[in-house]
Amino acid sequence: KAGVTQTPRYLIKTRGQQVTLSCSPISGHRSVSWYQQTPGQGLQFLFEYFSETQRNKGNFPGRFSGRQFSNSRSEMNVSTLELGDSALYLCASSLGALAKNIQYFGAGTRLSVL
Amino acid sequence: KNEVEQSPQNLTAQEGEFITINCSYSVGISALHWLQQHPGGGIVSLFMLSSGKKKHGRLIATINIQEKHSSLHITASHPRDSAVYICAVTVMKTSYDKVIFGPGTSLSVIP
Chain A
1 KAGVTQTPRY LIKTRGQQVT LSCSPISGHR SVSWYQQTPG QGLQFLFEYF SETQRNKGNF
61 PGRFSGRQFS NSRSEMNVST LELGDSALYL CASSLGALAK NIQYFGAGTR LSVL
Chain B
1 KNEVEQSPQN LTAQEGEFIT INCSYSVGIS ALHWLQQHPG GGIVSLFMLS SGKKKHGRLI
61 ATINIQEKHS SLHITASHPR DSAVYICAVT VMKTSYDKVI FGPGTSLSVI P
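Residue numbers (this note's numbering), protein chains in the order written: chain A, 1 to 114; chain B, 1 to 111.
Certain hints may be false.
Unchecked claim - Simulated crosslink set (DSS-like; lysine-lysine; CA at most 30 Å straight-line):
no., chain 1, residue 1, chain 2, residue 2
1, A, K100, A, K57
2, A, K13, B, K93
3, A, K100, B, K53
4, B, K93, B, K54
5, B, K55, B, K68
6, A, K57, B, K98
7, B, K98, B, K68
8, B, K98, B, K53
9, A, K13, A, K57
10, B, K53, B, K93
11, B, K53, B, K68
12, B, K55, A, K13
13, B, K98, B, K55
14, B, K68, A, K13
15, B, K68, A, K57
16, B, K93, B, K68
17, B, K93, A, K57
18, B, K54, A, K100
19, B, K54, A, K13
20, B, K98, B, K54
21, B, K68, B, K54
Said to hold, decoys possible - If you want the footprint, here are the derived chain B segments under chain A, 3+ residues with CB under 8 Å:
no., stretch
22, 11-17
23, 87-93
Said to hold, decoys possible - Beyond 12 Å from chain B on every Cβ pair, some chain A residues (computed):
no., residue
24, Q17
25, S27
26, Q44
27, N59
28, P61
29, S65
30, F69
31, N71
32, T80
33, E82
34, D85
35, S94
36, N101
37, V113
38, L114
The set of hints was computed from the structure by calculation and includes no laboratory data.
This structure is a prediction, so every number in the text was calculated from the model and none was measured.
Where a beta carbon is used, it is the ideal one built from N, C-alpha and C, also for glycine.
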């Protein structure tokens with residue numbers, strides 16, 4: 001069974017631009033969660049999508065948004081990029097709800113904002 | 001004070017040593033996760049615990065819900081165990097769930 005796939009692996013953008021990251025979960029998994037990892041803040045929870053609905057959300061500004069498609073694939077969008085958005089963005093999928101299921105992580109997308 | 005804390009922050013061990021990494025938390029949780037992150041970023045989920053103890057190969061994880069504390073033990077450590085170990089808790093609320101991560105413990109095992 002294929003693992004969680006994130007594309008692209010690396011991305012360079014400039015301030016003010018927007019970016020879309022993609023995550024394909026493990027087949028059969030209905031929950032996709034997104035995380036941001038920076039040296040200063042560590043790992044932080046962005047949001048979770050389950051059956052095309054955003055179920056949970058962390059403490060990030062509205063510039064960070066996402067969606068999930070009927071095949072469970074998910075995209076995350078960041079608008080009006082800031083230098084501080086430079087980070088490793090990880091997605092994880094699980095069979096069921098975030099709170100009670102093991103998460104399987106993708107390799108991440110490393111975003112650099114110049 | 002952070003809701004999830006880990007100790008030690010950094011750990012260097014000789015190959016073969018028994019290693020313990022600790023995690024304490026201050027919130028009510030539905031589950032606690034131990035994660036392993038190698039250089040390059042990939043994260044592997046090692047354990048998910050809501051009570052008691054779990055064992056997988058040389059790894060053992062325990063949790064004490066009353067004391068809000070968990071430990072990850074590595075027996076007969078090996079250089080390939082060198083990684084960052086992250087404790088994370090999932091919190092279930094009425095209207096939302098969330099994940100809170102600890103700061104991580106960087107482990108280096110020397111041959």
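Here is how each hint holds up against the structure:
no., hint, in the structure
1, A:K100 <-> A:K57, "holds (16 Å)"
2, A:K13 <-> B:K93, "violated (36 Å)"
3, A:K100 <-> B:K53, "holds (17 Å)"
4, B:K93 <-> B:K54, "holds (26 Å)"
5, B:K55 <-> B:K68, "holds (20 Å)"
6, A:K57 <-> B:K98, "holds (7 Å)"
7, B:K98 <-> B:K68, "holds (17 Å)"
8, B:K98 <-> B:K53, "holds (23 Å)"
9, A:K13 <-> A:K57, "holds (25 Å)"
10, B:K53 <-> B:K93, "holds (25 Å)"
11, B:K53 <-> B:K68, "holds (14 Å)"
12, B:K55 <-> A:K13, "violated (43 Å)"
13, B:K98 <-> B:K55, "holds (26 Å)"
14, B:K68 <-> A:K13, "violated (42 Å)"
15, B:K68 <-> A:K57, "holds (24 Å)"
16, B:K93 <-> B:K68, "holds (18 Å)"
17, B:K93 <-> A:K57, "holds (12 Å)"
18, B:K54 <-> A:K100, "holds (16 Å)"
19, B:K54 <-> A:K13, "violated (43 Å)"
20, B:K98 <-> B:K54, "holds (23 Å)"
21, B:K68 <-> B:K54, "holds (17 Å)"
22, 11-17, "violated (count 0)"
23, 87-93, "holds (count 4)"
24, Q17, "holds (23 Å)"
25, S27, "holds (18 Å)"
26, Q44, "violated (7 Å)"
27, N59, "violated (9 Å)"
28, P61, "holds (17 Å)"
29, S65, "holds (17 Å)"
30, F69, "holds (22 Å)"
31, N71, "holds (23 Å)"
32, T80, "holds (25 Å)"
33, E82, "holds (21 Å)"
34, D85, "holds (17 Å)"
35, S94, "violated (9 Å)"
36, N101, "violated (8 Å)"
37, V113, "holds (17 Å)"
38, L114, "holds (20 Å)"
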